[in-house]
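**Student:** Single-letter residue listing:
Number of protein chains: 2
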Amino acid sequence: MTYCLSINAERGLVFCSDSRTNAGMDNIGSYSKMHTFVWPGDRVFVLLSAGNLATTQAVIKKLHRDVEQAMLPNLLSVTSMGEAADYVGMVSTQIQRQQASRDTANTNFEATFIFGGQLGPTPPETFMIYPQGNYIHESSEHPFLQIGETKYGKPILDRIVKRNIDLERAARVALVSMNSTIRSNVTVGPPVELLIYQRDSLIEGRRLYLTDDDPFARELSECWNKGLVMALENLPRFPWETDPVKDL
Amino acid sequence: MTYCLSINAERGLVFCSDSRTNAGMDNIGSYSKMHTFVWPGDRVFVLLSAGNLATTQAVIKKLHRDVEQAMLPNLLSVTSMGEAADYVGMVSTQIQRQQASRDTANTNFEATFIFGGQLGPTPPETFMIYPQGNYIHESSEHPFLQIGETKYGKPILDRIVKRNIDLERAARVALVSMNSTIRSNVTVGPPVELLIYQRDSLIEGRRLYLTDDDPFARELSECWNKGLVMALENLPRFPWETDPVKDL
Chain F
99 MTYCLSINAE RGLVFCSDSR TNAGMDNIGS YSKMHTFVWP GDRVFVLLSA
149 GNLATTQAVI KKLHRDVEQA MLPNLLSVTS MGEAADYVGM VSTQIQRQQA
199 SRDTANTNFE ATFIFGGQLG PTPPETFMIY PQGNYIHESS EHPFLQIGET
249 KYGKPILDRI VKRNIDLERA ARVALVSMNS TIRSNVTVGP PVELLIYQRD
299 SLIEGRRLYL TDDDPFAREL SECWNKGLVM ALENLPRFPW ETDPVKDL
Chain P
99 MTYCLSINAE RGLVFCSDSR TNAGMDNIGS YSKMHTFVWP GDRVFVLLSA
149 GNLATTQAVI KKLHRDVEQA MLPNLLSVTS MGEAADYVGM VSTQIQRQQA
199 SRDTANTNFE ATFIFGGQLG PTPPETFMIY PQGNYIHESS EHPFLQIGET
249 KYGKPILDRI VKRNIDLERA ARVALVSMNS TIRSNVTVGP PVELLIYQRD
299 SLIEGRRLYL TDDDPFAREL SECWNKGLVM ALENLPRFPW ETDPVKDL
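For the record, the sequence lines run as chains F and P.
Under the working numbering, the first residue of the first sequence is numbered 99, with each subsequent residue one higher.
Under the working numbering, the first residue of the second sequence is numbered 99, with each subsequent residue one higher.
Mixed in with the good hints, there may be bad ones.
Which copy is meant is left open, because identical chains are indistinguishable; a pair holds if it fits in one copy or across any two.
What the hints assert, rightly or not - As a list, the in silico SDA-like pairs of lysine to any residue whose alpha-carbon atoms are at most 20 Å apart:
#: 1; residue 1: K260; residue 2: V327
#: 2; residue 1: K159; residue 2: S130
#: 3; residue 1: K324; residue 2: L151
#: 4; residue 1: K160; residue 2: S175
#: 5; residue 1: K159; residue 2: M188
#: 6; residue 1: K159; residue 2: H240
#: 7; residue 1: K160; residue 2: E108
#: 8; residue 1: K324; residue 2: Q155
#: 9; residue 1: K260; residue 2: L330
#: 10; residue 1: K260; residue 2: L333
#: 11; residue 1: K160; residue 2: R200
#: 12; residue 1: K260; residue 2: Y307
#: 13; residue 1: K160; residue 2: G187
#: 14; residue 1: K159; residue 2: G187
#: 15; residue 1: K260; residue 2: N323
#: 16; residue 1: K160; residue 2: R109
#: 17; residue 1: K324; residue 2: R257
#: 18; residue 1: K324; residue 2: N262
#: 19; residue 1: K160; residue 2: Y185
#: 20; residue 1: K159; residue 2: L306
#: 21; residue 1: K160; residue 2: E266
#: 22; residue 1: K260; residue 2: N332
#: 23; residue 1: K260; residue 2: E320
#: 24; residue 1: K324; residue 2: R261
#: 25; residue 1: K260; residue 2: Q296
#: 26; residue 1: K159; residue 2: E223
#: 27; residue 1: K260; residue 2: S178
#: 28; residue 1: K324; residue 2: R267
#: 29; residue 1: K159; residue 2: Q197
#: 30; residue 1: K160; residue 2: G218
If you are wondering where the hints come from, they were derived from the structure by calculation, not from laboratory data.
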């Protein structure tokens with residue numbers, strides 16, 4: 099499995115992805131699921147991928163090749179984030195059809211993507227692109243997107259993430275959401291990649307690669323555990339704990 | 099959907115269940131999923147149910163009828179928790195077969211249960227009973243069990259719940275796990291039922307029925323939110339936040 103998420107905050111974008119891939123439990127690998135396409139000063143795209151690894155790798159390769167060979171449309175020719183998302187969705191379905199046409203074993207070639215970035219002066223945007231090539235947009239009410247093993251890490255996002263969240267704070271929430279997922283599901287694993295894009299910078303921005311034994315990742319995980327224990331300690335006591343007479 | 103969980107702590111058992119049932123999103127109802135069978139001083143059984151509501155209601159009814167009509171085996175005749183779990187699993191598969199034999203629409207009659215309690219002087223035990231009637235036992239390494247929408251509420255249990263956890267603390271963790279699930283998934287909803295069984299008491303114990311606007315439930319939810327925000331504030335800052343020179 100996989101867990102990737104993005105947060106579209108007022109001050110910029112946060113992208114976070116795990117690196118575990120598995121074709122069956124006895125075939126575990128580690129591949130980056132975060133891919134960036136950057137033309138400094140002009141446009142920045144980030145693509146997070148979940149699903150069939152052969153499909154996602156083929157999609158990334160074609161996105162690069164189309165630019166190199168000036169095949170239209172490509173990520174450099176598109177004039178809006180929506181157009182770019184349409185193009186990525188089209189490439190994805192194309193690749194899936196190719197793979198399926200050669201299939202002999204009823205294989206699932208589907209892939210899902212989080213695609214986001216900024217194109218020139220237009221506001222940053224993020225999309226979740228379905229295997230069918232269509233997509234949804236984040237919204238002000240729901241500024242985060244998730245793909246893969248999304249449930250373990252969703253409660254903290256639901257509680258904390260608002261559009262106006264501070265960018266570094268959003269990045270910390272993303273890491274906590276990832277950390278919870280990794281602890282609870284063996285099919286999601288480190289290294290964790292984190293990208294923080296400052297709105298209107300039009301450069302890739304800050305990118306962290308956090309291995310299992312990275313000191314910052316460890317400190318963050320330990321601090322979060324301590325914080326949860328404290329939050330638990332501060333919860334209201336049951337009536338009979340504080341007042342033995344007032345029983346239920 | 100449904101979310102139910104149990105925790106087998108040294109000092110007793112905690113059971114927690116939501117009350118939402120839905121046959122399609124346009125058919126939402128509210129039914130208790132917590133059922134108790136108590137013979138004070140002799141034996142206490144608690145059954146939490148998930149799955150087909152007709153099946154689970156029929157199972158509960160038969161468990162009562164078998165005792166009333168002294169059909170053997172029944173919950174009063176069994177001599178161990180394992181025997182009781184076997185019996186409940188047998189009743190469940192029996193009912194499912196009956197329902198399926200009359201089925202015309204390829205319906206899913208499956209039901210899953212958390213079954214636990216204490217029989218005489220033997221230690222309290224909890225089981226998760228599969229639709230197939232077989233079951234697994236909690237363990238010292240993994241003292242909690244979940245059925246239904248289990249993923250949203252699992253991270254907090256993974257982090258906090260150990261066998262030696264204090265009983266009221268375990269009850270608070272259970273409520274937090276339920277609260278996170280209800281916030282993130284509309285198919286799980288209040289009222290929330292909580293049962294706290296004191297080891298060797300052989301009485302039902304404390305049972306709470308927490309509606310959406312229950313003051314204690316609200317205070318707990320608000321306190322937990324505040325605690326999470328504080329935990330987030332206390333997380334380590336990124337290197338460039340504390341030391342602008344030391345950039346990444």
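**Student:** Hints first: check each against the structure and report whether it holds.
**Tutor:** Results for each hint:
no.: 1; hint: K260 to V327; result: between (24 Å within a copy, 13 Å between copies)
no.: 2; hint: K159 to S130; result: within (14 Å within a copy, 53 Å between copies)
no.: 3; hint: K324 to L151; result: neither (36 Å within a copy, 40 Å between copies)
no.: 4; hint: K160 to S175; result: within (14 Å within a copy, 68 Å between copies)
no.: 5; hint: K159 to M188; result: within (14 Å within a copy, 55 Å between copies)
no.: 6; hint: K159 to H240; result: neither (31 Å within a copy, 44 Å between copies)
no.: 7; hint: K160 to E108; result: neither (32 Å within a copy, 58 Å between copies)
no.: 8; hint: K324 to Q155; result: neither (39 Å within a copy, 42 Å between copies)
no.: 9; hint: K260 to L330; result: between (24 Å within a copy, 14 Å between copies)
no.: 10; hint: K260 to L333; result: between (24 Å within a copy, 18 Å between copies)
no.: 11; hint: K160 to R200; result: within (18 Å within a copy, 54 Å between copies)
no.: 12; hint: K260 to Y307; result: neither (25 Å within a copy, 32 Å between copies)
no.: 13; hint: K160 to G187; result: within (12 Å within a copy, 53 Å between copies)
no.: 14; hint: K159 to G187; result: within (14 Å within a copy, 52 Å between copies)
no.: 15; hint: K260 to N323; result: between (23 Å within a copy, 14 Å between copies)
no.: 16; hint: K160 to R109; result: neither (31 Å within a copy, 60 Å between copies)
no.: 17; hint: K324 to R257; result: both (19 Å within a copy, 10 Å between copies)
no.: 18; hint: K324 to N262; result: between (27 Å within a copy, 18 Å between copies)
no.: 19; hint: K160 to Y185; result: within (11 Å within a copy, 59 Å between copies)
no.: 20; hint: K159 to L306; result: neither (23 Å within a copy, 57 Å between copies)
no.: 21; hint: K160 to E266; result: neither (33 Å within a copy, 57 Å between copies)
no.: 22; hint: K260 to N332; result: between (25 Å within a copy, 19 Å between copies)
no.: 23; hint: K260 to E320; result: between (25 Å within a copy, 17 Å between copies)
no.: 24; hint: K324 to R261; result: between (27 Å within a copy, 19 Å between copies)
no.: 25; hint: K260 to Q296; result: within (17 Å within a copy, 42 Å between copies)
no.: 26; hint: K159 to E223; result: neither (23 Å within a copy, 54 Å between copies)
no.: 27; hint: K260 to S178; result: neither (25 Å within a copy, 52 Å between copies)
no.: 28; hint: K324 to R267; result: both (18 Å within a copy, 15 Å between copies)
no.: 29; hint: K159 to Q197; result: within (15 Å within a copy, 53 Å between copies)
no.: 30; hint: K160 to G218; result: neither (23 Å within a copy, 68 Å between copies)
Going through the hint list in order, the structure does not satisfy hints 3, 6, 7, 8, 12, 16, 20, 21, 26, 27, 30.
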